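Peer 1: One letter stands for each residue in the lines below.
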Amino acid sequence: MTTTSETAAEAPRKTLETAVRMEAVNKWYGAFQALKNVDLEVRSGERIVVCGPSGSGKSTLIRCINQLEAIQSGRIFVDGIELTAGGKNVDAIRREVGMVFQQFNLFPHMTVLENCTLAPMKVRGETRDAAEATARKYLARVHIPEQADKYPAQLSGGQQQRVAIARALCMNPKIMLFDEPTSALDPEMVKEVLDTMIDLADGGMTMLVVTHEMGFARRVADRVIFMDRGEIVEMAPPDRFFDDPQHERTRTFLGQIA
Amino acid sequence: MYDFNFAPVFASSDQLLRGAAVTLELSCEAMAIGLVISIGLAAAKTSKIAPLRWVVQAYIELIRNTPFLVQIFFIFFGLPSIGLRMSPDAAALLALVVNFCAYATEIIRAGIESIAVGQIEAGRALGLKPLQVFRYIILKPALRTVYPALTSQFIYLMLTSSVVSVISAGDLTAAGADVQSRTFASMEVYLVITVVYFLMSAGFSALFGAIERAAFRYPLSR
Ligand SMILES: Nc1ncnc2c1ncn2[C@@H]1O[C@H](COP(=O)(O)OP(=O)(O)O)[C@@H](O)[C@H]1O
Ligand SMILES: [Mg+2]
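From first to last, the protein sequence lines stand for chains A and B. For the first sequence, position 109 (counting from the first letter as 1) is numbered 109 according to the working numbering, and the numbering increases by one without interruption. For the second sequence, position 77 (counting from the first letter as 1) is numbered 1077 according to the working numbering, and the numbering increases by one without interruption.
Excised from the complex, chain B in its bound form (with noise of 0.2 Å):
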């Protein structure tokens, strides 16, 4: 039977604390960045303008079809040669927004797609212009039609964020790694830090779903 010893681990609380605060701090951000960024992507990728469709469908190409390992390592280290150098935690933010948003516009854009013609044919019928269209009319109801999924991909995020321990980013993971180094108690260390993940993404849902229920208040006919 093994002996769980979780006094080493306690010991380093504070250090965990600071990367789950990272962690946190982090994702907060890249959700933000993110979602901002992926709405103006969807708007691109459902336009008129094809060129501009392109561009977004190749950017979302690539980066689904490539591993985020390979991707923070392109920032991090590649990108320096062209002079583009930055601090690890900024290349952790960037790497996870240019991720996310590939997913997130995919997801915006179906629900962009959901809204019926009449709705857009309305809002032109009365003056507003296809931005005003967007952002006043299509915009809300779009983004309530794919909210679990947009919910789902945040929560990806948040545990992808993990990944970023690999450029010393400071995020809960890379203290983990740390703690785990310098007591062995590779055990423990990893059975809190994935209570912790747990309890993140705990509190993530429970967030979401009280943004949902202040955010999407009116009823769905039938």
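Chain A on its own, in the form it takes in the complex (with noise of 0.2 Å):
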């Protein structure tokens, strides 16, 4: 192994206990400035929901995380990784965080086990039999083992979203993202997706979570942020943002959303 001197010089920046850290990010798209000098840090284990007006920033801010969009400055740290411009850790950090979104966004021409699979072989290089083995665990965990076989077409939208959620644990993430996951489902299949969820969070899976599922956010939530035009403008544990916003902002959102 010649990594042995790099490892070491990078093991200062390791902070234990930190998922994520974001410091002072800022993000354009263009001329627009979609994140403001955000600063957020997650302690593993630890579960955040971010709620906020449409086109606050909600997604850009999870999406940095995996570097599905790229900032312009600050830093920001995966499980003691540093998201490096050039993107040359960016395969490194996909590999721990798993990100379940809105559309879904399954492979229509897989069937769900080949959907759970697909990535823990060709990342990382599982054979076809171990892979098989994890997808059915967490199929089984998200209560639709029996689906296996099916393709997604052939799956209501709350099966499909579980489908997404298992997809992600296959990789074995040490973070889950999930962008607004119960928005795109008819009501009646909201619940078993957000039971879910709660059952992974019980479960110690550290979480950042966008969605305006405000029962959600009480039961699971260590903290939640408030955000708006690209800024973080409130983070406070459940209880205290619900009951006693400090914000006008924040007041304003949720009596529009209540």
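Hints listed in this document are in silico derivations from the structure and should not be mistaken for laboratory results. Predicted model, so just to flag it, every value in this text is computed and none were measured. Quick reminder that beta carbons are idealized off the backbone N, C-alpha and C, glycines included. Where hints are given, some of them may not hold.
Counterexamples of contact, computed for chain B against chain A with all Cβ distances above 10 Å [what the hints assert, rightly or not]:
#, residue
1, Phe-1004
2, Leu-1052
3, Ala-1058
4, Pro-1088
5, Ala-1177
6, Phe-1208
Distance ranges between label pairs, derived from CB positions [as the list claims (entries may be wrong)]:
#, chain 1, residue 1, chain 2, residue 2, range
7, A, Asn-26, B, Ile-1082, 52 to 60 Å
8, A, Glu-188, B, Trp-1054, 46 to 54 Å
9, A, Ser-73, B, Phe-1216, 42 to 50 Å
10, A, Asn-89, B, Leu-1062, 37 to 45 Å
11, A, Ser-73, B, Ile-1082, 52 to 60 Å
Keeping only pairs whose Cα atoms sit at most 30 Å apart, straight-line, the calculated DSS-like set for lysine-lysine is [what the hints assert, rightly or not]:
#, chain 1, residue 1, chain 2, residue 2
12, B, Lys-1140, A, Lys-150
13, B, Lys-1129, A, Lys-174
14, A, Lys-137, B, Lys-1129
15, A, Lys-150, B, Lys-1129
16, A, Lys-174, A, Lys-137
17, B, Lys-1048, B, Lys-1129
18, A, Lys-122, A, Lys-150
19, A, Lys-122, B, Lys-1048
20, B, Lys-1048, A, Lys-36
21, A, Lys-137, A, Lys-150
22, A, Lys-88, B, Lys-1129
23, A, Lys-174, A, Lys-150
24, B, Lys-1140, A, Lys-122
25, A, Lys-88, A, Lys-36
26, A, Lys-137, B, Lys-1140
27, A, Lys-122, B, Lys-1129
28, A, Lys-88, B, Lys-1048
29, A, Lys-174, A, Lys-88
30, A, Lys-88, B, Lys-1140
Two independent chains are provided; combine them into the complex using the hints.
Peer 2: Laid out in structure tokens, this is it:
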């Protein structure tokens, strides 16, 4: 191994117990600033719910963490690894970070099982048998083991989103990002997905969840973040966040969605 | 009333069948090679690397704005001047592939561009590299989307292959021309050849339908 010295050199940057750290992060889309000087520290095992009006930068915030969006200034550390501008670490980081999208984004030409085994086989180099065993374990965990051989189009939205969660879990991530996971669902399917996420939270997963499901936030969040116009306006534990918000903008927002 | 006489044509049926076989072989080879190259070119055409896109675009423009016959002459009669000498068969295959790819690349590119960006993001978020995303996530749904257009282009390739008869590649049209020049039964020869091309076309259509059913079994949402 020739990386020993590099690892040693990197060691001081590794803050144990910190899953994600963002320092003075700024993000522009062209001339439009989507994130303004964002500082955020997520500890390992912590559950954070992010809310805020449409266009406030919630998606951008979590998409920067796995580099689906590049930042223009500031620093981001994920599991102690710094995201570098050239994106050299990006593959290492994506292996640690699972993501669940609003639109599920399952691969339509693959069965549920194939959706779950693709990345473990192609990215981690697992054998098919090992990957399938893991996939079946997580499909059971999200309560759809019997759908393994179906195609996404044959499932309901709630089932598809649970497959998407299982697919992310198959990579054994340390952190899970959720971008409005229930917003595209019919109302009767929201609960099954939230229950799956609660189960995940109870299992100790580090989670960053963009959602307007305030019941979920109260139930699982350690901290709730309110974003507006690219800034983190307020961040507090759920009781304080909901019962005694400090900022006028937070109060207005909570009044609107209540 | 014209007096049909198919006897001289049927007397040469061996030669015509050999010609048909050459046409089939040439077409199948060009389709297979052309498909693989077109997928590569379409990937290049949709890549982030601008010079790569320009090169592919220049090639496409060049081929689509010049006659196929001239392309064949260039390859078979022109290239030997710079030391690239090849058999009529090889020149015919090369010309067909070069011509087909210009059109097929654009078709496949449209398929690639029809893939939702969320698909690509999901692949990237899972840690797949860009080429893996292309190979495992984009390619199949992209091909499915443009499959009808692609198969039309395949059929067109087979029909266009008759043009290679000008360099005596021994295809069906060349065989027909030879039989015609010996028997002077122009009407009968070209009638038979027309029917044979039509049947080969129908055969390819049936084959492509079977391939579609086998390769794209997954259901589409809504
Ligand atoms: N790819 C993009 N190009 C330009 N502007 C974008 C892009 N993505 C998002 N934006 C803009 O950035 C702002 C924040 O977007 P987003 O993070 O998606 O907000 P949210 O998830 O809170 O609704 C919005 O004003 C949006 O229009
Ligand atoms: Mg969003």
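Peer 1: Next step is simple, just say for each hint if it's right about the structure.
Peer 2: Do the hints match the structure? See the list:
The non-interface label for Phe-1004 (chain B) is consistent with chain A: the shortest C-beta to C-beta separation is roughly 52 Å, beyond 10 Å. Here Leu-1052 (chain B) stays apart from chain A, with its beta-carbon at least about 19 Å from theirs, past the 10 Å limit. Annotated as non-interface, Ala-1058 (chain B) keeps its C-beta farther than 10 Å from every C-beta of chain A; the closest such distance is 30 Å. Against the 10 Å criterion, Pro-1088 (chain B) stays outside the reach of chain A, whose nearest CB is about 41 Å from its own CB.
The Cβ of Ala-1177 (chain B) sits about 46 Å from the closest Cβ of chain A, beyond the 10 Å cut-off, so the non-interface label holds. Listed as outside the interface, Phe-1208 (chain B) is consistent with that label: its C-beta sits roughly 18 Å from the nearest C-beta of chain A, beyond the 10 Å cut-off. Here the CB-CB span from Asn-26 (chain A) to Ile-1082 (chain B) is close to 56 Å, well matched to the stated 52 to 60 Å. Checked against the hint of 46 to 54 Å, the pair Glu-188 (chain A) and Trp-1054 (chain B) passes, with Cβ atoms roughly 52 Å apart.
For the pair Ser-73 (chain A) and Phe-1216 (chain B), the beta carbons lie near 46 Å from each other, so the given range of 42 to 50 Å is met. Between Asn-89 (chain A) and Leu-1062 (chain B) the beta carbon distance is about 42 Å. The supplied range of 37 to 45 Å therefore holds. Look at Ser-73 (chain A) against Ile-1082 (chain B): about 54 Å separates their beta carbons, and that is inside 52 to 60 Å. The hinted pair formed by Lys-1140 (chain B) and Lys-150 (chain A) meets the criterion: a straight-line CA distance of about 18 Å does not exceed 30 Å.
With a C-alpha separation of about 20 Å, the suggested pairing of Lys-1129 (chain B) with Lys-174 (chain A) holds against the 30 Å cut-off. Distance check on the hinted pair: Lys-137 (chain A) and Lys-1129 (chain B) sit about 26 Å apart at the alpha-carbon level, within 30 Å; holds. Distance check on the hinted pair: Lys-150 (chain A) and Lys-1129 (chain B) sit about 26 Å apart at the alpha-carbon level, within 30 Å; holds. Taking the CA atoms of Lys-174 (chain A) and Lys-137 (chain A), the gap is near 17 Å; set against the 30 Å cutoff, the hint holds.
Restraint check for Lys-1048 (chain B) and Lys-1129 (chain B): the C-alpha separation of about 14 Å stays at or below 30 Å, so the hint holds. At most 30 Å may separate the alpha-carbon atoms for a hinted pair to count; Lys-122 (chain A) and Lys-150 (chain A) meet this at roughly 21 Å. In summary, the hint linking Lys-122 (chain A) to Lys-1048 (chain B) is supported, as the alpha carbons are separated by about 23 Å, within the 30 Å threshold. Between Lys-1048 (chain B) and Lys-36 (chain A) the alpha-carbon distance is near 28 Å, which keeps this suggested pair within the 30 Å criterion.
The suggested pairing of Lys-137 (chain A) with Lys-150 (chain A) holds, with an alpha-carbon distance near 16 Å, which does not exceed 30 Å. A threshold of 30 Å between alpha carbons decides the hint, and for Lys-88 (chain A) with Lys-1129 (chain B) the separation of about 12 Å falls inside it, so the pair holds. Pair hint Lys-174 (chain A) plus Lys-150 (chain A) holds up; C-alpha atoms about 28 Å apart against a cutoff of 30 Å. Among the hinted pairs, Lys-1140 (chain B) with Lys-122 (chain A) is consistent with the structure: their alpha-carbon atoms are about 17 Å apart, no more than 30 Å.
A hinted pair counts as satisfied when its Cα atoms are at most 30 Å apart, and Lys-88 (chain A) with Lys-36 (chain A) qualifies at roughly 25 Å. Distance restraint check for Lys-137 (chain A) and Lys-1140 (chain B): the Cα-Cα separation of roughly 28 Å lies within the 30 Å cut-off, and the hinted pair is therefore satisfied. Proposed proximity of Lys-122 (chain A) and Lys-1129 (chain B) is supported: the alpha carbons are some 9 Å apart, at most 30 Å. For the suggested pair Lys-88 (chain A) and Lys-1048 (chain B), the alpha carbons sit about 17 Å apart, so the restraint of at most 30 Å is met.
Annotation: proposed proximity of Lys-174 (chain A) to Lys-88 (chain A) holds, straight-line Cα distance about 19 Å (limit 30 Å). At roughly 29 Å between alpha-carbon atoms, Lys-88 (chain A) and Lys-1140 (chain B) fall within 30 Å of each other, so this suggested pair holds.
Violated hints are absent here; each numbered hint is respected by the structure.
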